[in-house]
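Engineer: Sequence:
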Amino acid sequence: MPPSSDSDDSHPLFHEHTESSAEDTFFEQLVHDALDGLLTLDDTAKICFANEAAGTIFGYDVDELVGRSVDDLFPERYRDTYLAELHQNMRDTETAAEHTDLERVGRRKDGTEVSLSVSFREHTYRDQRLFTAIVRDISAQKQQREQLEAATEKYQTLVDAAPDAIFVADAETGIIQEANQAAVEFLGKPADEIEGMHQTDLHPSEEAERYEELFQGHRRRGGPFEQTHDLKIVDADGQQIPVTINSNVTTLENRRVIQGIFRDISDRKRREDALQTLHTTTQRMFTTSSRQEICAEAVRTATEVLELPLTGLHLHAENETALEPVGTSEAVNTVFDGSPPTITPEDSLVWDVFETGESRVIHDLQEIETQQPQETPIRSAIITSLGEHGVFITASTSVHDFDRIDYDLMRVLAANTEAALTRAEREHAVARQRDELETLNRLNAIIRDINQTLIAAPTREEIERTVCERFAGSDGYLGALIADLSTAEQGLNIRTAVGIDDQYLQAVDAAAPATEQGPAASTLETGTLAVVEDISTSEMFPEAVREDALAREYRAAVCIPLSYGDTIYGVLVVYASQSALVGEREQVIFAELGETIGHAINAAENRKLLHTDRVLELEFSLSKTDAFFFTASDELDCTITLDGVVPSSDGTLLFYVSATDVTPGQLLERAWKAPRVDQARLIAETESNSSFEFVFQGTETASQLLIERGAYIRSGMASHGVGTLTIEVPADVNIRSFVKAVQTIYPNASLHAKRQRTRPVHSRTSFLNELKTTLTDRQLEILKMGFHSGYFGYPRDSTGETLANTLDIASPTFHQHMQSALQKLLTSIFSPDRELHPH
505 MPPSSDSDDS HPLFHEHTES SAEDTFFEQL VHDALDGLLT LDDTAKICFA NEAAGTIFGY
565 DVDELVGRSV DDLFPERYRD TYLAELHQNM RDTETAAEHT DLERVGRRKD GTEVSLSVSF
625 REHTYRDQRL FTAIVRDISA QKQQREQLEA ATEKYQTLVD AAPDAIFVAD AETGIIQEAN
685 QAAVEFLGKP ADEIEGMHQT DLHPSEEAER YEELFQGHRR RGGPFEQTHD LKIVDADGQQ
745 IPVTINSNVT TLENRRVIQG IFRDISDRKR REDALQTLHT TTQRMFTTSS RQEICAEAVR
805 TATEVLELPL TGLHLHAENE TALEPVGTSE AVNTVFDGSP PTITPEDSLV WDVFETGESR
865 VIHDLQEIET QQPQETPIRS AIITSLGEHG VFITASTSVH DFDRIDYDLM RVLAANTEAA
925 LTRAEREHAV ARQRDELETL NRLNAIIRDI NQTLIAAPTR EEIERTVCER FAGSDGYLGA
985 LIADLSTAEQ GLNIRTAVGI DDQYLQAVDA AAPATEQGPA ASTLETGTLA VVEDISTSEM
1045 FPEAVREDAL AREYRAAVCI PLSYGDTIYG VLVVYASQSA LVGEREQVIF AELGETIGHA
1105 INAAENRKLL HTDRVLELEF SLSKTDAFFF TASDELDCTI TLDGVVPSSD GTLLFYVSAT
1165 DVTPGQLLER AWKAPRVDQA RLIAETESNS SFEFVFQGTE TASQLLIERG AYIRSGMASH
1225 GVGTLTIEVP ADVNIRSFVK AVQTIYPNAS LHAKRQRTRP VHSRTSFLNE LKTTLTDRQL
1285 EILKMGFHSG YFGYPRDSTG ETLANTLDIA SPTFHQHMQS ALQKLLTSIF SPDRELHPH
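Each residue of the sequence shown is one higher than the one before, starting from 505 at the first, in the working numbering.
No lab work stands behind these hints, which were simulated from the structure alone.
Ideal Cβ placement from N, Cα and C applies to all residues, glycine included.
Be aware that one or more of the hints could be misleading.
[To be verified] Listed next, with one range per pair, are the computed distances between beta-carbon atoms: (1) 770 x 804: 42 to 48 Å; (2) 724 x 580: 55 to 61 Å; (3) 649 x 540: 44 to 50 Å; (4) 1151 x 927: 55 to 61 Å; (5) 724 x 583: 27 to 33 Å; (6) 576 x 697: 53 to 59 Å; (7) 697 x 841: 30 to 36 Å; (8) 540 x 576: 16 to 22 Å; (9) 655 x 770: 32 to 38 Å.
Generate coordinates for the entire structure from the input sequences, incorporating the hints supplied.
Structural biologist: Rendered as structure tokens:
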């Protein structure tokens, strides 16, 4: 080998004369410009030749390398090993030593290390044993290789740790080359059994041809592939498991493979199937407006579709603080011995879900700090909210028996159930509004008819009969009756009934006195309207006649007070064949109707008293009362006589009294101190007595109650704290209500006397004859003259002065005669005794 131009001449190899030639020059240049480093060592491991590439690799000039020991080119930690190996090869003289592509770590001049690939060969040059090494810097290649190895290791780690099953199959043969741990667990087979299987063996055998076509189609197309529809894999137990497959055609270790990622979608499939069934269930629930049917369908779905056997719905009980079991599965009835519990606020776990609307999963009931108030076999549960309707519960006697899918599906079912219940509630409300509107229209038609007939009805009996006939003749009601409480207070006294079965009326009569505790009696006592929405369940409806009512299809009733002022004339009971008869608006209309009928009865009773010639005179003894006239007569030691009672247009009563044995000032002073007296004024004062007008405020009076009932106040007297009150009523009436009216104001009052008498009937002729005998000729003349001349009109057509001039009398004289005539005329009309005295 020719020496380098920069070679060290001190080395023995280069002391010999070398003849240059063209060939030597060519090879010298070739070695000098070689890309790989070249080092020639003698048998002592000293460098005797180095080219430029070697210097570049190690960071030395060529002159610095020649003459150095080769161990300077290796890190200290490797020197002993590398030199021992080198010297061993040098000592082996039996065979020529040749070593290729040895990986070594070199050391540069600056101390940094470099990865090397070393090949060396022993040879002889001019009888000298030499060793030439070809050195190549492989740092970049080694780095790439290490990166590849790291990536490969990472890939393998990821594959092995992947949660989804991964299979790698030869793209040409379809034979599975590799399977990760998830695939092993998925199939339930060891890896060595999976590797070597044909890819179609992963799938149902009856569909092998289909899966082979999918595989080959993917092989031809190349690239990524995703299949999610109707794919299954068969595990070691033969169970078919739904999967999705994401695969890709790639090259791995110089072979074309298809890598497939298989994901178990059993849960998703179960969820999708359940959701589809839930959709169908929801449609069924939305076709009914029955809460019971909705709850039954929800429970059936939970038990049969979601496979949650211990399931029940608890709905909020109206006007109660409780959640009642409305729909429960057979398993629930078994666990709770046929009596599922009612949920109350004490059951805080369930009640909190109802109040907050936040559903909850309880994995172990015994781990919950807030324990249930009663012992229960339940250990885990899903409690889902139904909004304002209640809760939907599924439970188990085992702990941790529910997964996320169970919870999600229960929430979906609960949401659908809540929507169905809300819809049913809304439909019920709409239907009720529609029924109420129809009821209102029907009721208004009845009331219009009743109002028209009340005008013409002359007596109370005809009014009551007409009202009952109108209700019985309508489409919405079965019949009606009017009743009051009997005198003996032994149940209801039925005054009239139309459309009501006679046997039912007999049952009501036979049920006394139990009917005194029913809604009709309550209306008579309180004067308030009572509604029995459902006779079959109402606690207020008398049990003694409940079966008789239901047997005749009486399902609901409304009890309407027939009132005028504070007087209750009776109760109108209307029966219907449908529950929930009366809403708020109907109640208002019924109450107004009761007042209208009461007003008509009052007018009829008053007409009856005016037109009858036979009356009952009732005289009451009054004592021990704090009424003003009695306390004043006692304190002032006087007598106060009631002369008359006049009802005013605003409903108040004007009391006109006369007092004896007391000065007007004393009585007025006492009146001004009395809180019940609103007004008191002196009308006139004579030597024997004084007359007054009184108005009382904020309190009922016996006179007011009696007048409302159609009585005529004939007279009254209070003397030294005791007194009497005399009234007139029609001879054929039940006096119970009049006695009760007096005793309401005067609790110690007693009926002292009851006298029947005949009032004289005055014809027009007799009345005029009576006036003629009472009035003087001048007085009668002035009355007639004033009537015909428009004196009594407003404004007056003739004045008193004009008429006086016509009669040729003084104006004061005219007015004196006119006042006397009017006084006698009015006395004949309003005086209780109708006794006129000429004067």
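Engineer: What hint numbers does the structure not satisfy?
Structural biologist: Of the numbered hints given earlier, those the structure breaks are 1, 3, 5 and 7, listed in rising order.
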